[in-house]
Structures are given as structure tokens and as C-alpha cells.
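First to last, the protein sequences are chains A and B.
Using our numbering, the first residue of the first sequence is number 1, and each one after it goes up by one.
Using our numbering, the first residue of the second sequence is number 410, and each one after it goes up by one.
Listed next, the stretches of chain B that the computed footprint assigns to chain A, with coverage defined by at least 3 CB atoms under 8 Å from CB atoms of chain A:
#1 697 to 707
#2 724 to 736
#3 740 to 751
#4 786 to 795
#5 819 to 825
Straight-line Cα separation of at most 25 Å, SDA-like style, residue types lysine to any residue; simulated pairs:
#6 B:K704 <-> A:Y327
#7 B:K492 <-> A:S392
#8 B:K704 <-> A:Q409
#9 B:K681 <-> A:N94
#10 B:K492 <-> A:G385
#11 B:K492 <-> A:A347
#12 B:K644 <-> B:R665
#13 B:K704 <-> A:W178
#14 B:K681 <-> A:Y327
#15 B:K704 <-> A:Q95
#16 B:K704 <-> A:N94
#17 B:K704 <-> A:E104
#18 B:K492 <-> A:W348
#19 B:K704 <-> A:G143
#20 B:K720 <-> A:Q409
#21 B:K681 <-> A:G130
#22 B:K681 <-> A:R123
#23 A:K205 <-> A:R232
#24 B:K704 <-> A:G130
#25 B:K681 <-> A:T391
Since the hints were derived computationally from the structure, they do not count as laboratory data.
Small disclaimer: the values here were computed from a predicted structure and weren't measured.
Backbone N, C-alpha and C define an ideal beta-carbon position, used for all residues, glycine too.
Here is what each chain is made of, one letter per residue.
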Amino acid sequence: MSKFVHFAAAAALAVAISAPATAQDVAIRGAQVHTMAGPAIENGVVVIRGGKIAAVGPAATTPVPEGIDVIEAAVVTPGLVDARSVVGLSGFLNQPDDQDQLEESAPMQPQLRAIDAYNPDERLVAWLRGLGITTIHTGHGPGALVSGQTMVAKTVGHTADEAAIVPAAMVAANLGEWALANGGKSPGTRAKQIALLRAALLAAKTPDTPAKGGKDGDNGTKPAGLDTQVLRDVLAKKLPLMVTAHHAQDIMSALRLKEEFGIDLVIDGASEAYLLLDQLREANVRVILHPTMARQYGELQNASFTTAGVLRAAGIPFALQSGFEGYVPKTRVVLWEAAIAAANGLAWQDALASVTIDAARIIGVGQRVGSLEVGKDGDVAMFDGDPFEYTSHVTGVVIDGKVVSRTPQ
Amino acid sequence: MGNMGTKGRRRMARAALLLGAAGLANAAMAQERPIAFTDATILTMAGERIENGTLVIADGKIAAVGGNVAIPADAERRSAAGKLIMPGIVDTHSHIGQVAGADRSGPIQPEVRAMDSINPMASNIAKARSGGVTTVNVMPGSGHLVSGQTFYMKLRKGNTVEDIAYRWENGAAMGGLKMANGTNSQRGEGGFPGTRSKSAALLRTALTDAKTYCSGDRKKPDLGKETLCEVLSGKRLVHFHSHRADDIMTVLRLKREFGFNVLIQHGMESYKVAGELVAAGVPVSAILVDSPGGKLEAQGARLDAAGVLEKAGVLTSLHSDDGVIDSRMMFRHASIAVRAGMSREGALRALTINGARQLGLDDRVGSLEPGKDADFLILSGDPLSVYTHVLETWVEGEKLFDRTREQDLLMATGGYGAGNPMEMAYYHWEFAEGEGAQ
Numbered sequence: 001m002s003k004f005v006h007f008a009a010a011a012a013l014a015v016a017i018s019a020p021a022t023a024q025d026v027a028i029r030g031a032q033v034h035t036m037a038g039p040a041i042e043n044g045v046v047v048i049r050g051g052k053i054a055a056v057g058p059a060a061t062t063p064v065p066e067g068i069d070v071i072e073a074a075v076v077t078p079g080l081v082d083a084r085s086v087v088g089l090s091g092f093l094n095q096p097d098d099q100d101q102l103e104e105s106a107p108m109q110p111q112l113r114a115i116d117a118y119n120p121d122e123r124l125v126a127w128l129r130g131l132g133i134t135t136i137h138t139g140h141g142p143g144a145l146v147s148g149q150t151m152v153a154k155t156v157g158h159t160a161d162e163a164a165i166v167p168a169a170m171v172a173a174n175l176g177e178w179a180l181a182n183g184g185k186s187p188g189t190r191a192k193q194i195a196l197l198r199a200a201l202l203a204a205k206t207p208d209t210p211a212k213g214g215k216d217g218d219n220g221t222k223p224a225g226l227d228t229q230v231l232r233d234v235l236a237k238k239l240p241l242m243v244t245a246h247h248a249q250d251i252m253s254a255l256r257l258k259e260e261f262g263i264d265l266v267i268d269g270a271s272e273a274y275l276l277l278d279q280l281r282e283a284n285v286r287v288i289l290h291p292t293m294a295r296q297y298g299e300l301q302n303a304s305f306t307t308a309g310v311l312r313a314a315g316i317p318f319a320l321q322s323g324f325e326g327y328v329p330k331t332r333v334v335l336w337e338a339a340i341a342a343a344n345g346l347a348w349q350d351a352l353a354s355v356t357i358d359a360a361r362i363i364g365v366g367q368r369v370g371s372l373e374v375g376k377d378g379d380v381a382m383f384d385g386d387p388f389e390y391t392s393h394v395t396g397v398v399i400d401g402k403v404v405s406r407t408p409q
Numbered sequence: 410m411g412n413m414g415t416k417g418r419r420r421m422a423r424a425a426l427l428l429g430a431a432g433l434a435n436a437a438m439a440q441e442r443p444i445a446f447t448d449a450t451i452l453t454m455a456g457e458r459i460e461n462g463t464l465v466i467a468d469g470k471i472a473a474v475g476g477n478v479a480i481p482a483d484a485e486r487r488s489a490a491g492k493l494i495m496p497g498i499v500d501t502h503s504h505i506g507q508v509a510g511a512d513r514s515g516p517i518q519p520e521v522r523a524m525d526s527i528n529p530m531a532s533n534i535a536k537a538r539s540g541g542v543t544t545v546n547v548m549p550g551s552g553h554l555v556s557g558q559t560f561y562m563k564l565r566k567g568n569t570v571e572d573i574a575y576r577w578e579n580g581a582a583m584g585g586l587k588m589a590n591g592t593n594s595q596r597g598e599g600g601f602p603g604t605r606s607k608s609a610a611l612l613r614t615a616l617t618d619a620k621t622y623c624s625g626d627r628k629k630p631d632l633g634k635e636t637l638c639e640v641l642s643g644k645r646l647v648h649f650h651s652h653r654a655d656d657i658m659t660v661l662r663l664k665r666e667f668g669f670n671v672l673i674q675h676g677m678e679s680y681k682v683a684g685e686l687v688a689a690g691v692p693v694s695a696i697l698v699d700s701p702g703g704k705l706e707a708q709g710a711r712l713d714a715a716g717v718l719e720k721a722g723v724l725t726s727l728h729s730d731d732g733v734i735d736s737r738m739m740f741r742h743a744s745i746a747v748r749a750g751m752s753r754e755g756a757l758r759a760l761t762i763n764g765a766r767q768l769g770l771d772d773r774v775g776s777l778e779p780g781k782d783a784d785f786l787i788l789s790g791d792p793l794s795v796y797t798h799v800l801e802t803w804v805e806g807e808k809l810f811d812r813t814r815e816q817d818l819l820m821a822t823g824g825y826g827a828g829n830p831m832e833m834a835y836y837h838w839e840f841a842e843g844e845g846a847q
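Isolated chain A (complex conformation) (with noise of 0.2 Å):
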């Protein structure tokens, strides 16, 4: 770094502390404070200006300006990010109009986005946030070979495009039972669902071909549609594909696509995932793991409440998740599915991490939030105990620097 920079930096931050509070201002004092992106610190504060984390540190040497409030709370974290969640698409009443995560008309639609249906008035939306959620990663959901897109939304905003802090995050593909059609539909068995896949990739790479008799004054060539760009963008690893995947062969006809094509490839789910460690790690991909308390039915019969652990210890990067429910209740909290992974196996520290500095990495927002950190967004979530117990409450949230919740929840 520069020396200009340096001072560019000192000078910005001097800026931020002296100027009058505004409506993006405040400073949370905590007994513990948890950082993640270091120790944590005993009797820190955490300092937020105009919507992003100005100081954090020991309270005895971290100022807090005049005329900021300043809020107590006995354990203090960055603000949790749900790294697979379908929430704002999947609304609570679970009615046909408020379902938009899977659209069944047809087993490959990339070109659905996720924008175009999150209601960010979702009574859900403000369940997650009232328990410290402040990040999600949603959208469609499994239930389709490819469902459509993702998006990563803060759980505040009164329009999507507000909300959206990655319009389109990745695109998002299902292997397994799920994504099976019936009554002589395509996929009907898995070994279709990878020839579809591979068909629609291929395609997607090969260039257009010009059009016979184009019209003066164009290329010659036929746009492609909406889906072949989308597939194009995930050639071109600008759209990691996230595919759903819990049985061990499924797991592997992912990764087999992955060397193939040499797409970004996120797995989700993975319920099997300790059966694969070696090859995960070879093929360099991170797991989305399903909700600690997943059902262990059917596609997950062999889920474990170790998983997350097991891949911790692998060396694998994985984060936790809230994945889709159809039926009661209509949506997990992660933070109360990372409490379970902590009595399972995982420890504490990586616990936590997995629900606010690794989710955030995994789906691409580790620079913006997840951690506090000066620079990054004032998301905070404040607890009176330990936060994975379940006793504990959720005392306090904050969202880019806003209080968005006092409600002991």
C-alpha cells in the first residue's frame, strides 16, 4: 500500500468518526465480540458510519464519536448470511400464489431470475431478519434439472432491486430423485438428467450458426435464447452452478461435469458428502451443506448431524444453509441449524463461521459482509448469551448501519 493510500485511508476514517451522526450510525458494545476475521475481542465495540463498520475493537481504545447510540448486548456477531435459502420466492402461507421457487413447466429454464419473483414483504423475510439473518442467498429452489437463478438479497428493502446486493449469483441445478419427471417426461432417470445437462452445455459452447437469409444491416446470426446465454455465463464461470445433490453418485455426476466443462461448481446439499471427501477436495469445489436438522428421509436418509463437522476437518469449505421446506415450518434458521452442527462435531468458532464469514465467501460476498471488518457493511446481530443456545435470544440487528430490530426474539 502506498503511502498516499495510507493516508487517503487515515483520513477517511478521521472523516467518518468527527462527521454528525446520520440515520446510518451507531455503535454496539459487546462483552464478546466476535469478529471473525481474528480472535475475538472481550469488551469490544464495533463502530458503524454511514452504513459501514468505521472501528472495531477494545471499548478502552476504540472511541465511539458523540452522539451516536450506542447499543449494549452481551455477545455480538456480524450479521448471520444464509447461504441457500428459497425465502422471499417461497412465501409462508404456502398458497399456489405465493410459490414461485420451481416453475415446472419445463426441466431447463436458466434464464429464470430470481429478481423477477423475490417479494422482499415477505413475512418470512422478516422472521430470518428478526433472528439476526441479514444476508441471504435465494431463489430457486431444487425440484427441476435447472431451476433458474439465485440471488444474494440483505433482508431489508422495500423493493427487490433494494434488497439485491447480487442481482444473479448463480444458477442452480438439481441431480437426483427430486428433479425426476413422471409419466414418460425427460429426466426420468439420472442418467438423463447428466445427457440433458451435457446436451444443453454443449450447445451453449458451440457458436451460433448465421442465420440462412439474414437481413441487411445484422450479423447474419440468430441471437441466442435467454437459457443459452445464461448457460453461456456459466461457461465462462462468470455464474458458478450450484447443483442439489445428497446421494454419492449424484455428487460424482457433478463433479464429472464439472471436469468436463471446467465450470464453477458449487454443490448443495450433499447429505453424502463424508463419503466423498478426497474427491471434493480434488475437485476443489465448496459444499452448501443441507440444514443440520434436515428430515433424514428419502434423498437424505443418510444424512448425519456430523457432516459439517467431518468436512471441517476435511479441509473442504462448506457453510450451512436453510434450504427449502415444503410443508411446517415453511422455512429453517440457520443460525439454530449451526447450533446443532456445534453440538455435533463442529467447533464453536467454526460454527459460527459457517453461517456468517465462510457462507459469505462461498457465495461470493466474503469482500462486503460476513465479518467485522472496517470497510465492510454495519450488519450486526447481537445476542444475550451464547448464540447457539437456544435459550439465548437474538437481543439486536442491525442492517448497513440501520437498527432494524430491539425485539428480544
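Using the hints provided, position chain B relative to the given structure of chain A.
Okay, now just chain B, sitting in the frame of chain A:
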């Protein structure tokens, strides 16, 4: 798993079954000398917390419990220092054992019995036990006004549904009757109701007809009406699936009219009519879910529901509705109730003695008192801490779950093969046999 030894043991287990080893499920044979668990923290759920306490079990029953009890000379002593002992969990509403009830042929099928569909080898029974559950009300679903007779299951070792039954005095398997109102049973075709009023009218008609039948000579037996006679006489408890406050009030009206004993199941909005429930003396088997919604009737789901009921004086239990909540998450369930305002003591009662009282089994289970069944858990610490594990589950004096045994741990955490009903259950028992059935 998968090695020759395992396969060999499985074969042996099957052979043993063929030779009639199912009789080993008889609890009286299991425990030959008294066992005294010493130096434990004991929550009897029938009095004060006991520190450095002793629990003595003999012949499958609790012989003594307290801070200063005489240990029989022939008793085996086991230190439970640093551990907590409490009664096994009574789950008042669950669907473990691959249970099914009525079919789609009609809305009212009281003659159908859950026990005739239960697979005692289903691994989710062993999983429930690993989570500390020892008594379960296993129910058919809620897609009917009357979906069948429920089954009170004791999670003792057993290869047949008879082995794991609670029994009436006449030897018949014990259970209640599942009823439901609200949207689940409204199909509007095939004789099913299309509205709430019609649901109530159909039920009133069935109960009125039964009343006439029950007071007649009953020479031409009607299986369904016979069951309703047990309901009308108060012998058979009605487990009434009901969510919305107005639906719960409909249940109370039916109870007033026909005089049956009833337990409100789920009661998502029971907190809105807590006073009415207290006045009617009707208890609630409650469930707290991680988020509201998922169906229209669950819009009003609140985490503080159980706490509100407790404060109002409603006898409240917490249930899993497994697979809605995994049976292994019952302590977590209680912790969430505490988070939202229930007392710690009340939440633990809601897992144990309250459910036993609701099912009419409190003379046998639900608390640690001399003479009751030796159904208890050894925990690694505070039951309401997420970091605490069930170390051992004892049923009628037999240790049927031990977290240090590999195959038991598989049930506790899940993993490869844990979802397979037959294979794992056989192996599970065979393994327990190998450990000397302690």
C-alpha cells in the same frame, strides 16, 4: 458396517428371531439384580431437584430415588457423577414406525387401528430412543375427521408391535382415537366435508348414531361404533388435531355435547383461547415450529404459545409430530419453549409427566418415583443446553441406547445406513444382545 463379522452377526440375529427369540423382549427377564446409580443430579419431575442423588432400579421398576436412599446389598453400583438423570420423554404425538391409518374411502374410520400398520423395525423408533423418547402416542394422519385408533408405544426392545404396546387391563393394545378438524380433512368430495360446518355436522352425526348403538344390545357388532362407544364412555381419549382458535372452540362444543375426554393436538392458536381451555379442563399437546406458516392454519404459530398456556394453567405437553420435528430434537423443543417464556421446570414437565398425565399413563411413566417403570435417561449435563447429549436411554430397566456403542451412535446422529428400517433394527438388537442386554 460391511465387514464379514457384521454380516455374520446379522445372520445370527435373524436366526435367533426365527427361533422365537422375540420373547427376550419381556422386560422381567432383562434385569437380574438391582442397579444403583449414584452421585447423580436427578430431576424426578415429582419434586425438587436432587444433587448427589441415587436412583435404584429393580425388576424393571424404580425401587428408590433420593438424596439418601438405602442401596440394596446385592445391587450393582454405577457412578453417574457429573451426569443428570431424568425420566424418559413422553411424546404425545408422533408418526414413527411408518404408521398409516384410514384410507381415502371415507372421512370417518374409527375401526382402523394404527397398530396394524406399524413397522416395529423402523429405524426412526431406534432414533427416537436415542433422543431420550421412551413412550410415544403414535398417530395416523390428519386427513380425515376420524383417521383411526392411535397406538401407545413403549420403546422397549421388541420385534413385533405387540412387544411394544401399552395394554388395557383386558390385554388389548392401548391407544386413543385421532380426530381432526380444519382444512386437512376438507376435500369436498368422496363423502369428505367441504366446510368447517359440514365437518362438525358429520362428526356430530357419527357420534349421535354411535350413542344410539352403544345404548342398544350391540348384538350385531360394528367395529367403528364399538370404538366410538369407548370414546363416549370416556375410556378412549380423543386426540383432536385442531389449529385455529375457532376450530378449537368447535372441539370444546363437541366435548360439551358428547362428554368425551379430549386432548387438543397442535393447537397452534390455543394461546388465543387459553382461558376457555382451562375452564373446560382440556389439555394441549403443543408444537413449536421454527417459523410460522407452511399452511394457512399455521399462520398464527408462535414460539411463546407453550409459555402462554403454562401461565394460563393449561396442562401442556410438547410433541414432535415426527417427521415435522425429529424425535431427537425434543430437548431442543423444550429449550425453544423456554426461550419464548415457558419456565424451565414447566418445559421439562411438558416433555415428561404432563404428557404421561394426558395419556393416562402417569401411574407408570413420566416421573421417577418408586413403583414406576424404570424408564430414564442419563444426560451429559443440563437438559436445556444444546451441547448436552443423551448418553443412555433405559426402558423398564434395560439400557437400550448407549452413545458409546457405534451402532447406537449411528441412530443418534444419522449417517450411512441409519435410514434403513429392517437391516439396522435387526443389527441393533443383535448388538444390544452382544452387550449383555444392559
